[in-house]
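**Q** Here's the letter readout for the chains.
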Amino acid sequence: MTTKLTTLTAVAALLAGAAAAQEVRVYNWSDYIDEDLLTEFEEETGISLTYDVFDSNEVLETKMLAGGSGYDVVVPTGSFLQRQIQAGAFQELDKSQLPNLDNMWETISERTSQYDPGNTYSINYMWGTTGLGVNIDKVREVLGEDAPVNSLSLIFDPENMEQLASCGVHVLDAPTEVIPAALKYLGEDPDSKDAEVIEQVGPLMAEIRPYIQKFHSSEYINALANGEICVAFGWSGDVLQARDRAAEADNGVTVEYHIPKEGALMWFDQMAIPADAPNPEAAHTFLNFMMDAQNMAQASNYVYYANGNEASQEYLNEDVIGDPAIYPDEETLENLYTFSPYDPRLQRTVTRLWTSIKSGV
Amino acid sequence: MRRLAVIALPYLWLVALFLVPFLIVLKISLSDIAVAIPPYTPTLDLSEGWAGIRDFLAGLDFENFVFLTQDSLYWRAYLSSVWIALVSTLITLAVGYPIAYGMARAAPEWRPTLLMLVILPFWTSFLIRVYSWIGILSSEGLLNQVLMSVGVIDAPLTILNTTRAVYVGIVYTYLPFMILPIYATLEKMDESLLEAAEDLGCSKIQAFWLVTWPLSRGGVIAGCFLVFIPAIGEFVIPSLLGGSDTLMIGKVLWEEFFSNRDWPVASAVAIILLLILIIPIVLFQRNEQKAREQDG
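Residue numbers (the working numbering), protein chains in the order written: chain Y, 96 to 456; chain H, 3 to 298.
Because the hints were derived from the structure by calculation, they are not lab data.
Hints are not guaranteed to be accurate.
[As the list claims (entries may be wrong)] Computed footprint of chain Y on chain H; a stretch qualifies when at least three of its residues, placed anywhere within it, have a C-beta under 8 Å from a C-beta of chain Y:
1) 33-43
2) 74-84
3) 140-153
4) 240-248
5) 259-270
Idealized CB from N, CA, C, for every residue including glycine.
Sequences and hints are given; from them, build the entire structure.
**A** Okay, here's the thing in structure tokens:
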């Protein structure tokens, strides 16, 4: 009898302990963190961490708009964040719980306040550009030594694409990334909200469509790294991760990332706390942990994306802070453009355009 | 009383798992898109009693269904899904029937093992099995490497990211659903019927078409429906193996729901899909019933 009682008490104590232990659930992009940081967070704070990943803003947004996602921290891109704030998906940050806010970089905070005025709801995690990932040897083999690897004409000029098709081209399956670039190539305002201007992208894409092997937003990392494709229109850090994977595999594939000379989209992935987050306090702890200069540097050193944390810069590896593809110089920075969300009607036009680009219907 | 419970249980099941979700989707399909959580209006406000229900009903209209008729994308996607499902079903039948036949004619002590081999793939996640086809079909994949090393082809075949890969994926995934019902009917078959047919002057081929095939038709029809119905709405296989130009209604539905955040139109697409599927499902039910009556 006594043993039974003791066992029961022990179980009860365990249960109570489990209930008291804090937890936090984070939903972030795939291939976007040094996983050692997750263990460090758990060790340092004693909060148990669940880390899930997605590879498109649309999936995240649908979860946010459905409500009750169960996540405490999510990482939408700026233009998506803006719309989700309008829908009431996020809670204001309690800045008193975030002493590491002092580490943030004014230059980036100014730009992100375009999406989140006063940075009331979000903190920058990483930022980057959308540009060209090339398997340089294969591209030169196909297009010759003077292949325009640093120009949008590499993918938007049908003559180049016709030849590149033999070695494989992937393009992000994200209209909000590709359409601005196509508009830029056409000499239009990449952030245009004029349906007639945007429709011009249709004929342009129709010409290059036959030569695009796939529209996908994460497969190109591996495909570039193991030489299955030679060009990807993708996100800076993802291409640089492909470069590293190829180098590690030592498979004779050399991947380069180029910011197109015409200009590139500059995007910001923002950490925010859903309005119905079950553990807002632990969420703040997580944000503060990530804003620590050394932690943020560790994350950037691993994923090859620039971050919005100025204090982290002294801990960054030279191949990150010193690489103009990651931290662009002043001149390139001026050439970068940003993007704001479409209203629901235009969104439908754009999605329809995108479907017709991809499927020809 | 017990009798009532026995009858009520399946109906309860139907109401909870089919009718209620269907009504929710129907309700959403009749509302309007909005920037909100959840992203549509009107929502039913029961706290206002009858007035709430009246307001809710007043806000309903069929514009989302009308919208589907205005853009050729939707009917093309429906048609293309039906076509892909139909072709896949026929291929699955062509591959599955001989396998089932072979299993049913194998020595009795082998049959459990063969049956096990058909069921075994289900022990691995469906997603992983579809993923592994990427490794087989890609241009640097197993299939191309083998074919090239043997010297059958010089340049790698492009199979992955085309509609051909979707057929491969569907046929592979749904093959067991074709084999199992056919095997079940063939195994039950009385082999002395074949001997009788041959005694009466049939060749082996004639005996097959005159005796075996008609007797296995129940299994064939069941297998075809079990493949055709889920294949129409398939989303995972076309999105992993298919190319961007593979048009299937499952993908269109995904785009409406995720890219456009237009739950009302997405729901309308789903309702129409259901209506399309009801035709084969009703045929299937009737066929089952007929078979049961014949057996009885």
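**Q** If a hint holds in the structure, say so; if it doesn't, say that too.
**A** Here's how the hints hold up against the structure:
| no. | hint | result |
| --- | --- | --- |
| 1 | 33-43 | holds (count 6) |
| 2 | 74-84 | holds (count 4) |
| 3 | 140-153 | holds (count 3) |
| 4 | 240-248 | holds (count 4) |
| 5 | 259-270 | holds (count 6) |
Checked against the numbered hints listed earlier, the structure breaks none of them; every hint is satisfied.
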